[in-house]
Amino acid sequence: MPANEFDHPLIAAAYDIVDGTRDDLDIYVQLAADLGAGAVLDVGCGTGTLAIRLAEEGYAVTAVDPAGAMLDIALSKPGAQGVRWVHGTVDDVAGLASAPGLPADLAVMTGNVAQVFLTEEAWLATLRTIHDNLAPRGHVVFETRIPQRRAWEDWAAAPGPMSYVVPGVGEVSDTFEVRSVDLPYVTFCSVSRLPDGTTVKAESTLIFRPLSELKRALGTVGFTIVDVRDAPDRPGREWVVIARRGA
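Here the sequence shown stands for residues 8 to 254, where the numbers follow my numbering.
Hint data in this document are derived by calculation from the structure and do not stem from the laboratory. Just so you know, even glycine gets a beta-carbon here, dropped at the ideal spot from N, CA and C. Hints are not guaranteed to be accurate.
So the derived label-pair ranges between C-beta atoms look like this [claimed, not checked]:
#  : residue 1 : residue 2 : range
1  : Val-176   : Pro-239   : 26 to 34 Å
2  : Leu-82    : Thr-205   : 20 to 28 Å
3  : Arg-244   : Pro-166   : 45 to 53 Å
4  : Pro-202   : Pro-242   : 33 to 41 Å
5  : Asn-119   : Thr-182   : 13 to 21 Å
6  : Arg-236   : Glu-178   : 34 to 42 Å
7  : Gly-229   : Asp-203   : 47 to 55 Å
8  : Thr-231   : Glu-178   : 47 to 55 Å
9  : Pro-239   : Gly-45    : 19 to 27 Å
10 : Ala-129   : Asp-203   : 36 to 44 Å
11 : Ile-232   : Pro-166   : 33 to 41 Å
12 : Pro-154   : Glu-178   : 31 to 39 Å
13 : Asp-30    : Pro-85    : 17 to 25 Å
Given the sequences, and given the hints that come with them, work out the whole structure.
Below, the structure written as structure tokens:
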């Protein structure tokens with residue numbers, strides 16, 4: 008995945024605080040069991056919450072992220088030693104193909120990861136690399152926001168700044184703004200104000216692909232969609248796509 012706004016110590020330190028308990032990850036833990044996975048590849052693992060949880064459940068986990076600041080947080084957590092961490096993109100995993108736990112039985116992309124690949128070329132290249140790092144009949148599971156739900160309208164209507172406390176930093180105030188809507192692309196920005204008055208800006212763009220486009224792209228690289236579910240934490244707002252690699 009491309010470099011992103013999360014590669015900043017403050018943004019990384021605040022990530023778990025803002026996201027809370029991460030009940031949204033429960034479905035991935037359940038799917039790993041339901042699909043009979045033994046080894047999991049976590050693409051865009053962020054601060055490692057899911058990767059560590061899966062490792063503690065007994066899975067062989069390889070977790071990759073381009074944001075070094077996020078991986079620093081992941082590595083500081085209890086249980087981090089049970090995960091193979093890769094600083095980079097999924098392409099950097101290809102060189103580990105002979106390592107224990109690869110090829111994987113299951114690849115996951117949680118949160119907004121599947122929507123950060125803005126070009127057709129980048130999206131197909133990512134899916135191909137995931138395909139090549141999966142065992143035959145292995146699965147890829149990812150979530151993506153339903154375009155028709157128009158999540159950006161909710162974002163734009165959200166109340167003013169939110170505040171939270173970051174250990175070692177103090178109270179941080181975040182202001183969020185939708186910068187542009189040029190479908191299928193939506194760009195938004197957050198500005199974090201620190202206690203000393205300095206600010207940290209993070210801008211991101213997501214692509215909102217319809218289900219037909221997801222099916223076509225997955226099919227192009229050798230995946231077949233076997234199920235599309237509602238995301239339990241965002242019913243009617245996000246799909247959880249489950250696709251299987253061929254033999």
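**Q.** Violations among the numbered hints, reported as their numbers in ascending order
**A.** 3
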